[in-house]
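If you read the protein sequences in the order shown, they are chains A and B.
When the letters of the first sequence are read in order and numbered with this note's numbering, they come out as residues 1 to 376.
When the letters of the second sequence are read in order and numbered with this note's numbering, they come out as residues 1 to 139.
Source of the hints: derived by calculation from the structure; they are not laboratory data.
It cannot be assumed that every hint is accurate.
What the hints assert, rightly or not - Derived DEER-like restraints, expressed as beta-carbon distance ranges:
1) A:Ala260 to B:Gly9: 40 to 50 Å
2) A:Pro111 to B:Val76: 15 to 25 Å
3) A:Thr175 to B:Thr2: 51 to 61 Å
Quick reminder that beta carbons are idealized off the backbone N, C-alpha and C, glycines included.
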Amino acid sequence: MSPVGIAGIGLHPFGRFDGSTATDLGVVAVRQALAEAGVRRGEIGAAFCGTAYGGVAAGHRVLGALAMTGMPIIDVEAGCASGGAALQLGAMQIATGQSDCVLVFGIEKMPRGVIRSSFFAPWQEAAGLTPAPAYFALRAQRLLREQGLDKSDLAQVVVKNRSHGALNPDAMFRTAVTAEEVLASRVVCEPLHLWMLCSPNEGAAAVVLRRARPGDVVVAGVSLRSHLPGNVLGEDSPLCGIDDSTVTPPTTLAADDAYAQAGLGPDEVDVVECQDTDAARELLAWPELGLCPPGGQRGLLADGDASLGGRRPINPSGGLLSKGEPLGASALGQVVEITRQLRGAAGDRQVPDARVGLSHVIGRGANACVTILRRD
Amino acid sequence: MTPAAIHEGLFDVDGTGSITLIGGYSPTSGLAHFPRQPVCPFSGADDVVERRLARGGRLWLWTAVTAPPPGYDGPVPYGFGIVELDGEPALRVVGRLTVADPSAWTEGARVEVTAVEVPGPGDDGPRLTWAFAPSGVVS
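Chain A extracted, bound-state conformation (with noise of 0.2 Å):
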């Protein structure tokens, strides 16, 4: 298997863009990293690119708009894990030598307000029982419950965020907050508050793969994984379930082959973006990927470690709490993050000398995604 570098990045900033098209954004993403990777029209072996919300050929219509079709061009969909599920695909199309260079990218102008998915029966949506923040809330519920954190640890994730977010110019929040102005927004489900929740939005990324040149930031491992049967709160959203206690998350069947894949563990790794749907699904998240045992968060939380400054920044561009979720790009924005980290090019949110980075997501259908990065 031939190892993956990443060639070029491109991101166009999340947020809202009215009079912009995805495709739009896309363009912009794409000749970035097009640009940055030195690489000429007709040398990508193949395309694909995530989105979920993007309708019919949405990649089709990107390169097309850039006189760049004739390869296979892609269009991928697995919920927030799109933008992974992509980059795995193209990752395999260079590790097995079916291609020399691959384009990777993602795309989404989000409806406003709540995400409605065509997941559901139109019944089941009449009956009210489609709530995605409720869901959210009935996880965090149980987060707290079992992993004996409180609502004031949600705070303090979104106090962290939004703290990273505030020196990403790329974010579409950039201000920071404190706990108390978090816990004063109107509660949307509770135990959940308004700034607890991320906001849909646009936004574009992409990444140009190839064999691996020394210096090469490479994809040492990625996994995309879907649920098992039997957790009534998995993001698949059964209307039952049963004792899950021996039932292993998606997050963490995905990080165990990714950190198999690369040969390390979680110790191992020095920067971290994952999916921060909400703040508990991030407080959730960390035990899952190994980052830390189950009520392990606060004391992350308080001694600063999963800041910036502290011994492994997590979520350093501000996580989606910051940027917006653009499902289609959201996971290859983490890894355009992660690129940057490794190549210490992150400006005023580097984390110094790191040299191995996660990213994680996970969403709609209970796909998960882990990347693993790393700096040689």
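Given chain A, work out where chain B should sit, using these hints.
Frame of chain A; chain B shown alone:
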């Protein structure tokens, strides 16, 4: 006249308006589920038979929905939670709660299944769906 169920096969309504959830049970896996599926959603076993589920249970998790989710035209706020039904090994069922205020509930509170009216999909008029009410106050 009692409105029709929002979806076929979810529950039976008796003459007094009481409802019983209709689940499935796989003898191979020993597990019940709801709503009834052709295949056991936990094990893949295809020996599912109908199972009338217990009407009582204990509240496990709860919150309140404060803004109408897409496709829902009924009132807000409404309670929303997960109940562990009696008589099955930790069968957890999602449902509306008849009391919205989260501070009114406690972990393990006794509940009973009941029916509530919601606007049906499209212009179907009112439909019945299941919900959980504090035990002793089911009409």
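Checklist entry - Hint numbers the structure violates, sorted upward? => result Checked against the structure, no hint fails, so every one of them is satisfied.
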